[in-house]
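4 protein chains.
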Amino acid sequence: MAKSKFEYVRLYETEDKCLPNTWIIVRVDGKGFHRFSQDHSYEKPNDLRALALMSKAATTVMEEFKDICLAYGQSDEYSFVFKKECQVYSRRGSKLATYVSSLFASSFVFYWPDYFPSARSQYPPAFDGRVVLYPSDQNLRDYLSWRQADCHINNLYNTCFWALVQKEGLTPSQSEEKLRGTFSGEKNELLFSKFGINYNNESDLVKKGTVLIRKKVPVLLENGETRAKSQIVQQNIDLIGDEFWKENEHLLKS
Amino acid sequence: MAKSKFEYVRLYETEDKCLPNTWIIVRVDGKGFHRFSQDHSYEKPNDLRALALMSKAATTVMEEFKDICLAYGQSDEYSFVFKKECQVYSRRGSKLATYVSSLFASSFVFYWPDYFPSARSQYPPAFDGRVVLYPSDQNLRDYLSWRQADCHINNLYNTCFWALVQKEGLTPSQSEEKLRGTFSGEKNELLFSKFGINYNNESDLVKKGTVLIRKKVPVLLENGETRAKSQIVQQNIDLIGDEFWKENEHLLKS
Amino acid sequence: MAKSKFEYVRLYETEDKCLPNTWIIVRVDGKGFHRFSQDHSYEKPNDLRALALMSKAATTVMEEFKDICLAYGQSDEYSFVFKKECQVYSRRGSKLATYVSSLFASSFVFYWPDYFPSARSQYPPAFDGRVVLYPSDQNLRDYLSWRQADCHINNLYNTCFWALVQKEGLTPSQSEEKLRGTFSGEKNELLFSKFGINYNNESDLVKKGTVLIRKKVPVLLENGETRAKSQIVQQNIDLIGDEFWKENEHLLKS
Amino acid sequence: MAKSKFEYVRLYETEDKCLPNTWIIVRVDGKGFHRFSQDHSYEKPNDLRALALMSKAATTVMEEFKDICLAYGQSDEYSFVFKKECQVYSRRGSKLATYVSSLFASSFVFYWPDYFPSARSQYPPAFDGRVVLYPSDQNLRDYLSWRQADCHINNLYNTCFWALVQKEGLTPSQSEEKLRGTFSGEKNELLFSKFGINYNNESDLVKKGTVLIRKKVPVLLENGETRAKSQIVQQNIDLIGDEFWKENEHLLKS
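Protein chains in written order, with the numbering used here: chain A, 1 to 254; chain B, 255 to 508; chain C, 509 to 762; chain D, 763 to 1016.
Some hints here could point you the wrong way.
Derived lysine to aspartate or glutamate pairs resembling DMTMM-like cross-links, with alpha carbons at most 25 Å apart [to be verified]:
| id | chain 1 | residue 1 | chain 2 | residue 2 |
| --- | --- | --- | --- | --- |
| 1 | D | LYS806 | D | GLU839 |
| 2 | D | LYS1008 | C | GLU515 |
| 3 | C | LYS564 | C | ASP575 |
| 4 | D | LYS845 | D | ASP1004 |
| 5 | D | LYS857 | D | GLU839 |
| 6 | B | LYS349 | B | ASP293 |
| 7 | B | LYS507 | A | GLU13 |
| 8 | C | LYS574 | D | ASP1004 |
| 9 | C | LYS761 | D | GLU775 |
| 10 | D | LYS779 | A | GLU15 |
| 11 | B | LYS259 | A | GLU77 |
| 12 | A | LYS31 | B | ASP321 |
| 13 | D | LYS1008 | D | GLU847 |
| 14 | C | LYS591 | D | GLU775 |
| 15 | B | LYS271 | B | GLU261 |
| 16 | A | LYS95 | B | GLU267 |
Sample of chain B residues with no beta-carbon within 10 Å of chain A, all distances over it, derived [said to hold, decoys possible]:
| id | residue |
| --- | --- |
| 17 | PRO274 |
| 18 | ALA417 |
| 19 | LEU459 |
| 20 | ASN477 |
| 21 | GLN489 |
| 22 | LEU506 |
Not everything, but these chain B residues come out facing chain A in the computed CB check (under 10 Å) [unchecked claim]:
| id | residue |
| --- | --- |
| 23 | PHE358 |
| 24 | ALA359 |
| 25 | PRO367 |
| 26 | PRO371 |
| 27 | SER372 |
| 28 | TYR377 |
| 29 | PRO389 |
Because the hints were derived from the structure by calculation, they are not lab data. Here the structure is a predicted model, which is why all the values come from computation and not from measurement. Glycine residues also receive a C-beta, built at the ideal position from the N, C-alpha and C atoms.
Just chain A, with the same shape it has in the complex (with noise of 0.2 Å):
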């Protein structure tokens, strides 16, 4: 049973360091969600109950891991933004995606019934993880606005898809083949003048996803007194601009 005689294994284990000095993202992605909404009869477009728990999710990541300064999410995925000089697990990036994933991934299901309180989930959803990295503060801001503007593009769509569905009878495929190739400005139109909903009026959550920092938050403590803490908070704000990040400017802040 000499252990040492097998042990020559070890060596065909690779390293994947990240980069040193650049933005470490991970983003965990949701796998076949499509189904798993059906299977769970999320509300649709938008089921508020399974962003809040994405949200609480990800919340258990970041406390875990102290080195995150940012997380993004919209839909059925997260993104986690680690910072540049993080060292954690000396930045191997098979570590941090399988992490950030199983954590995100067991945290769902754990919190589950804190959002879905009348039935178990019928089985345990799955979500991938991958790693990119982004040398320069203007690349993450990018990679940012890419996932928010994906945010804004996909649920004008959804909100219009599914009024056309759940208002207007039409079978998806129907509903498909009339939203095909409009525009941004005939999608408002349209919501507007069939359903008399005014887009800008939907809610930040979904317009604009959710994003996850640390903020120092007044605590009361027991003695009467208010402290500055360190928490995690939620915003549904905009992050192509570059309000955000004035008002944050630490964040880019080595």
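With chain A held as given, fit chains B, C and D onto it using these hints.
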């Protein structure tokens, strides 16, 4: 809100396809399970509920990936063997590692109540994952032998350690001290002379860990007939010798 | 002038060890050799001096790396096969590729005067290099078959092309036009009927390329005795069939 | 002779694109140049012909790659800096490393007779190459500072070492022994007191190494006018302080 302006960031993603015609192993490991097992009052040296839950989670993963031909688990780890010719997700290593890790973790939480019915777990656990490639069948066998030898060595140690703590009243550090540098033979002797334990009579589950493979199993149909159907079966058997591999020759065939 | 202040930059270097127990092939390719061959008045379709110089450069590389067991060259490329168990430079891919490429290139220039005695080359040529890994012996044989089939296909084409240009007076683009879409049989027929060339009678050097292996060769010693000594020998033989591999079984053995 | 049957082997090639928006450095290093310099009777501590030949080879590489904006060389090594936004060969690391290494090596041999006119070199030299990525401008400057500090440290040592050997008659190992553990100040003092050498008066070529950049240089035209033309110029100047970077601000701009 032009998505295209930001879309260049996709070019920063990298490819990580596994070399074709090699065995792909994904091994998941519990993160901080020393503490997790304490927090959830695992029985020592082995908690049979926890081992059964691990194998349930592994079975869930194996049902999802038809290309996993064998899985081997012990303690808080599980290794999944993807066939050499597997093409799932174009053999992208990070996809495989994150998908397996996250599904394993979410299944662990999902099935928890079936194995620990008295209480929800206290917090969601995480499992990291890694991909290792093995070119030859001998390499693959040596990898599995390495893990099974590890199981044996750890289990013999733990059996002694906990006997000293539980039956002899030693503190953990006294127990550690006593076992430092001892050989297998001495540990066997200690168990027998001090505690009347014949280590050979311990269950194969704890001595050898758990092997999952697919087997044609006769299934009773509604009409009373039986038919051979492929099922995932658990065995607590030796992987180091030749016998298992002779009986399951198909595993090493393309 | 504290070096240590800057030395952190070494941490940005990455490891790129080749998977153990796999065949490592380094293939070098002439950069822009279409132009290089024109600038140096290579004879067409094949310049025997150039082919001999390529093999001389390859032999120099093979003398340097004892772990190269076989090399195969044709046209302006050469492939070097490192044994599966090779440990040179810890199997670092970039080391192997750059060392082989640079030694090949410098040897090409160094030995140029021995093959083109009339003139120094007009400018220094470059050869890019790449590393490819093959897990099984069949993969290795298929790789070499691929290169040798490529040699045959290109040489048959080039023989036709240059016959049309040199003997028929066609322009290169007319010649290209004429050959577009033709099958091997048609090219053979064209050569025979138009130019009286029986392609089968062409030399194996141009049809099959060049194989370099080490062989025990009887060497005459000063005292008149002979002794078997390992030498690198050139052969222009078939690598696709089984014969070569039967005669040189040791090549595939560890 | 169906090539297609074997062509699957191409799928075993891997991609190795460098992360976008980062500085790419390719450094080439002479293989075994301690011996090479002895075999070719290099003057010690510095052979000006050899240094000039190195810079000639580096200039050849830089003329080939327009995306190299700076090169720095000392002793038997040269570093080439590719601009952050460089797209040549799709930023494939192995392409860049092998192309640069092989062109450097072949140029070294090609131009040898212009610097060592009395004799052909005895054998072809090799240069290994590596790719390192640096995300920030500061990283890039620190890398170059690291190499220049290394040049200074080695040259001061070598100047002492060879003075002891050549002028004092010490053996190499006695000389090594004498210098072990000495600080820069002590070496300066030794040179001055024993050999009357003021190290500060040594040439910048040996103290600082060689920087190659492109500069607009006035060129005399046939019609008597002059015009600014981009040329590669050699400078033996400090890269560690700010002055060089202020004078050449364009180098760090995209």
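Task: Restraint status (C-alpha distance of LYS1008 of chain D to GLU515 of chain C at most 25 Å) - done: Answer holds: LYS1008 of chain D to GLU515 of chain C is near 23 Å, not above 25 Å.
Task: Beyond 10 Å from each Cβ of chain A, as asserted for LEU506 of chain B - done: Holds, since 16 Å exceeds 10 Å.
- [ ] Compare the distance between the alpha carbons of LYS564 of chain C and ASP575 of chain C with 25 Å, and conclude whether the hinted pair is satisfied.
- [x] Answer holds: LYS564 of chain C to ASP575 of chain C is near 18 Å, not above 25 Å.
Task: LYS591 of chain C paired with GLU775 of chain D [C-alpha distance capped at 25 Å] - done: holds, 18 Å
TODO: Over 10 Å to the closest beta carbon of chain A is the bar; see if ASN477 of chain B clears it.
DONE: The claim stands: ASN477 of chain B keeps its Cβ more than 10 Å from every Cβ of chain A (closest is about 29 Å).
Open item on the list: Does the closest beta carbon of chain A sit nearer than 10 Å to the beta carbon of PRO367 of chain B?
Closed with: holds, 8 Å
Open item on the list: Checking one constraint from the list: CA of LYS857 of chain D to CA of GLU839 of chain D, max 25 Å. Satisfied?
Closed with: Roughly 19 Å between the alpha carbons, so the hint for LYS857 of chain D and GLU839 of chain D holds.
- [ ] Would you mind confirming whether the straight-line C-alpha gap from LYS259 of chain B to GLU77 of chain A stays at or under 25 Å?
- [x] Within the cut-off at roughly 21 Å; holds.
Open item on the list: So, as I understand it, the hint says SER372 of chain B touches chain A; can you test that by seeing if any CB pair is closer than 10 Å?
Closed with: violated, 16 Å
Open item on the list: Hinted pair, alpha-carbon criterion (25 Å max): LYS507 of chain B, GLU13 of chain A. Please report holds or violated.
Closed with: This hinted pair holds, its Cα atoms lying about 24 Å apart.
Open item on the list: Please verify that the nearest CB of chain A lies beyond 10 Å from GLN489 of chain B's CB.
Closed with: The claim holds: GLN489 of chain B sits with its nearest Cβ about 19 Å from chain A, beyond 10 Å.
Open item on the list: Does ALA417 of chain B clear chain A by more than 10 Å, comparing its Cβ with all Cβ atoms of that chain?
Closed with: Answer for ALA417 of chain B: holds, closest chain A Cβ roughly 20 Å.
Consistency with the previously given hints fails for numbers 6, 8, 26, 27, ordered from lowest to highest.
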